[in-house]
Amino acid sequence: MYKYDQYDQAMVDARVAEFRDQAKRRLEGKLSEDQFKPLRLMNGLYLQLHAYMLRVAVPYGTLNSTQMHALADIADKYDRGYGHFTTRQNIQYNWIKLEDAGDILADLAKVEMHAIQTSGNCIRNISSDHFAGAAQDELIDPRPYAELLRQWSSFHPEFMYLPRKFKIAVIASDTDRAAMKLHDIGIQIVKNTSGELGASFFVGGGMGRTPMIAPNIREFVPLDQLVTYSEACLRVYNRYGRRDNKYKARIKILVHELGAEEYTRQVEEEFALLLEQGIEPPFAELERIKPFFADPAFEDSAKTVDRSDPDFALWVDRNTNRHKHDSYVSAVISLKPVGGIPGDATAEQMHLMADLAKDYSFDELRVMHTQNIVLPHVKITDLHALWTKLDEAGLGTPNLDQIGDIIACPGLDYCSLANARSIPLAQKIAQRFDETGKGDTLGELKLKISGCINACGHHHAGHIGILGVDKKGVENYQLSLGGSEAEDTALGKITGRGFDEAGVVEAVETVTDVYLQNKQGEERFLDTYNRIGMAPFKEALYD
Amino acid sequence: MTDIGTSPDGVQLRFRNDEPVDHASVTVDAFLEQSNANAVRVEPGDDARALLPHLGQIQLVEVNFPAFGDGRGYSSARILREAGYEGEIRAVGDVLVDQLPYMKRCGFDAFEPDAALNSDDVENALNRWPEVYQAATDNGTPIWNKRHAAAS
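Residue numbers (this note's numbering), protein chains in the order written: chain A, 1 to 543; chain B, 1 to 152.
None of these hints come from the bench; they were simulated from the model. If you're wondering where the values come from, they're calculated on a predicted model, not measured in any experiment. Worth double-checking, as some hints may not be accurate.
Below are the DSS-like pairs computed for lysine-lysine, each with C-alpha atoms no more than 30 angstroms apart in a straight line [unchecked claim]:
1) A/Lys-246 x A/Lys-37
2) A/Lys-167 x B/Lys-146
3) A/Lys-438 x A/Lys-389
4) A/Lys-97 x B/Lys-146
Whole structure, please, built from the sequences with the hints as guidance.
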């Protein structure tokens, strides 16, 4: 895991002092709310429906047990005893008082954490593959590159007042577990034909009201030009991204309106000029960062588990991922218990997850963009003991990538932008499929719910997506099918007219019936949809 | 042609020793048409690169911030500095105290905010950051260069 040196610590400490000073000036009336707003947003403080929300950065989704304990303590001390893990691998607290915010940031700084640039029109926390450094299928650990970009993007003087927020994801596997092509910049670390590592740049993806899949604008940027190329992408956006309309201000609109070719031409032009400026970090910095992410001391041991307990066997089958060392797996702790709030964890659960990480996973945890937690390096022989403890704490739900593993935004229960509730709907769907036992027959099925067009619940990328809209004062839900945030990135298509809450639960059941009737062999829901198309689903829903 | 811009009397902060230009600046379009002016005002939508062929004759570039949230001016200033411009770059308009460190890093060396900034707050803002992470157009040595200074 990355460790701060005195420089990193000094910057985070300075940020805490700056925020305390800003909050004080706000209270003294020296700053208007309009002037204070971007400052607090760039410290993760958001004004929600009922209270302030604080979003804490978890860089590339990686944290240690000390940090997880600290997050639990914050939940207890300053919130209502729980936190909410987000689709960008962060955590947010929904019931924060403005006057506590400085103290919370100070508590975070003590464990090398912060809320810097977790909101606002700036470069946000860099996300990555939650199985980084563990997955059997990765080319290399992507996190050193994400860390380099974290440093570059922190307090970047030119890019603090961009047209709109800016999200970057870095992966290094052909399997995309980070929705890379749905980011403003998605970077895949690749190897060229001469065996050299480089970065493939995808720019202009995003969800929101105008979902776009990022086009590949450069297949190979040498690693010693990674920062300069990123800077060129950002400068073209900062200068020419639209500022006349908030809803057209994301880079995806610029890339779309210019065309990927013209945007690329402008980036290349800027890149050539920036190369002369010598802004690239010394290459030794990457070499300094890499050892922080070196493999822990893996040991050989048994490679199979005793499957005599069917509940345990099911959890192993569903919630573990193949590890690069064959005596280990990555184990997923589901934060989606049936009837629970997707992504929420209590302080007690956070403490337990931290302890388990210490005991069973080399002191390391990951936050998944699907709002679950990963213990990346668990010895296969420890799995039963781990599962037993998780199960006792209500954290052993065996539903990774199943219909109950729903991504849902906070929705109308918390969010001032929402048109409809997301959480109660997620709960009803999970309960329905659990009660009927049908959930177990569906295999991988990614269901995602957003309470408004801003798409924080990633509904465009759901195999089944649900979008809450307001129809003459009544909550109404649109259904879409065929989306994916994985390497087969696709945007879902709307089935037709929307449903009320009870109706959309029925509709989800109907489309899963169509899948089961048409499924061939080992096809997933998405595969069947891609083969048979929308028509049979539409017919079942509306005829 | 109407002169626009500000008088040197309104400049609250100036980090230069030379004499300020004592007359008003012209728009980029006007400058490019008549080109005997030495002070020009860059609006957010202007392309600062249009000035690059004429940098030798320019002594003052005012970069206007009609609204503090519009960050295009930061790029304009850096582009001018990257091209070797050494004259004054003055941030004018809706300039807020917490933005000063970032603006200075992008090459601004004079500030004329619409609303005067509190001098204690200015002092705090300018001394806020012990280090810089990345290269820009100031003299700050990025943290990563400091880390590897011995090696390079």
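Tested hints:
{"no.": "1", "hint": "A/Lys-246 x A/Lys-37", "verdict": "holds, 16 angstroms"}
{"no.": "2", "hint": "A/Lys-167 x B/Lys-146", "verdict": "holds, 28 angstroms"}
{"no.": "3", "hint": "A/Lys-438 x A/Lys-389", "verdict": "holds, 27 angstroms"}
{"no.": "4", "hint": "A/Lys-97 x B/Lys-146", "verdict": "violated, 38 angstroms"}
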